[in-house]
Amino acid sequence: MKTVRADQISDAVAKLCMDANYNLGPDVMQALKDFRDREESPVGKELLDQCIVNAEIAHKDQVPICQDTGFAVFFVELGDQVIVEGNLMAAITDGVRRGYKDGFLRKSIVEDPLRRKNTGDNTPPVVWIDVVPGYNLKIIIAPKGGGSENMSEVKMLKPSDGEKGVKDFVVDRVKRSGSNPCPPVIVGVGIGGTYDKCAQLSKKALLREIGSKHVDPYYAAMEEELLTRINDLGIGPQGLGGRTTALAVFVEAHPCHIASLPAAVNIQCHAARHKSAVL
Amino acid sequence: MSTDIRRITTPLTEAIVKELKAGDKVTITGVIYSARDAAHKRLVDLIAQGQPLPLEIKGQTIYFMGPSPAKPGQAIGSAGPTTSYRMDAYSPTLIEHGLKGMIGKGVRGPEVVEAMKKHKAVYFAATGGAAALISKSIKKAEIVAYEDLGAEAIRRLEVVDFPCIVAQDCHGQNYYEIGVAEYKRS
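The listed protein sequences derive, respectively, from chains Z and F. Residue 268 in the numbering used here sits at position 268 of the first sequence, with consecutive numbering throughout. Throughout, the numbering used here is defined as the position within the second sequence, counted from one, plus 1000.
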């Protein structure tokens, strides 16, 4: 067994909050450049250039890529040979509190959805924990902005709706999102599971590296088809027209009930932030 | 759309607003005010109660934005636009009371378009997610109302060559529709 202390977790989380918000992943940066080079709309090209320059400034000055530094969402892989000394949830929450304060990150969380008083420290986080084999504690942070999150949706399809039903739902969701979620977007798709599991899958799908293919050729082909259909919508950068509406589509599938075909779409803006640490 | 960039200064006049056409690239110099959901609600509630507003909105431009905190030495933190449709419930009232310009991202609804046509106001799109870049054109920021709202407080911003595109003009033209129609396949 390996012991990991709460203060180690909290320190790692505080650093992750800043790292994720200041430094755009190289895969996203490369995708922005590739799509910029292929973009036919002059305005679209210019807007993609602004996204690239913006990410460069954020990295150089160590400031947030986007002012919306997001809901602090975590995917934790807890090795079954790891003992956490202290409370894992409390350690992550403490790390968020420190990371958002020390990193000059925006506090965007209200303590009640209807009475809407800001918690002042961007807590609480949303934390998903998976127990996996091994001696590592892996913490992935994926700060999630509100504008793109608002364009997301879960739909309980019928098994008879099948593949076509799912694909049409995904394309329609992106179409209806239009200019709102800061396109170019990354589209996370969850298929299967339960109502709640499906939504979580669509968010987890966003952690994939741009350029990676789905391990299952069936879903790899679906991702490719969806990306083409979405980019044929013409929405373009910022919704002002162009070929670049999405940089990638990622699908996660899961076993589901004989009566069900849940599908979820989680939209991610071009400030697609996620970083990880292994303790 | 014109490839030239038009430099405009605030406060906006009806004459300037009428000249701006959907698709025009502009830079804005002068004073603008930041406000987003919570501040809009308070402003519109005050108007409903017949109370004075904490700022004179006649001729002004509101930027839908809540910045990240400024680091030492910065005038403001990262400061990109938030999605504008959430302000659609409030903007017509403010336009009726003299608001001339709005800066945000994403398309505006029919109620806002009608108010913009009737009272001559314009809606600019800034680049969503380009917050670190945009903040370079904001030279000074100070809270003028609702400090308790934190990032959502109303700030007076002094901007120089703040870049944006006329997304929807006072004549009912919508650059989102024009742009997408041009690149749509199928």
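Since the hints were derived computationally from the structure, they do not count as laboratory data. Some hints could be false.
To be verified - Ranges of calculated distance between the beta carbons of each label pair, as one might list FRET restraints:
#, chain 1, residue 1, chain 2, residue 2, range
1, Z, P42, F, P1054, 49 to 57 Å
2, F, L1046, Z, D172, 54 to 62 Å
3, F, E1147, Z, W128, 33 to 41 Å
4, F, K1025, Z, Y195, 24 to 32 Å
5, F, R1185, Z, V53, 24 to 32 Å
6, F, G1172, Z, R38, 50 to 58 Å
7, F, A1089, Z, E224, 16 to 24 Å
8, Z, K213, F, G1172, 41 to 49 Å
Note that beta-carbon positions come from the ideal geometry of N, C-alpha and C, so glycine has one too.
>> Just to be sure I understand the hint, the distance between the Cβ atoms of L1046 (chain F) and D172 (chain Z) should be within 54 to 62 Å; is that true here?
In response: This hint is violated: roughly 40 Å between Cβ atoms.
> Does the hinted range 41 to 49 Å hold for K213 (chain Z) and G1172 (chain F) at CB?
Replying inline: 45 Å, holds
> Taking 24 to 32 Å as the hint, is the beta-carbon distance of K1025 (chain F) and Y195 (chain Z) inside that range?
Replying inline: 45 Å, violated
> Regarding A1089 (chain F) and E224 (chain Z), is the given constraint of 16 to 24 Å on their beta-carbon distance met?
Replying inline: 40 Å, violated
> Would you say the C-beta atoms of E1147 (chain F) and W128 (chain Z) sit inside 33 to 41 Å of each other?
Replying inline: 35 Å, holds
> Within 24 to 32 Å or not, the Cβ separation of R1185 (chain F) and V53 (chain Z)?
Replying inline: Since R1185 (chain F) and V53 (chain Z) have Cβ atoms about 29 Å apart, the given range 24 to 32 Å holds.
> Regarding P42 (chain Z) and P1054 (chain F), is the given constraint of 49 to 57 Å on their beta-carbon distance met?
Replying inline: 41 Å Cβ-Cβ, so the 49 to 57 Å window is violated.
>> Quick check on a hinted range of 50 to 58 Å for G1172 (chain F) and R38 (chain Z), using CB atoms only.
In response: With a Cβ separation near 33 Å, G1172 (chain F) and R38 (chain Z) fall outside 50 to 58 Å, so the hint is violated.
Going through the hint list in order, the structure does not satisfy hints 1, 2, 4, 6, 7.
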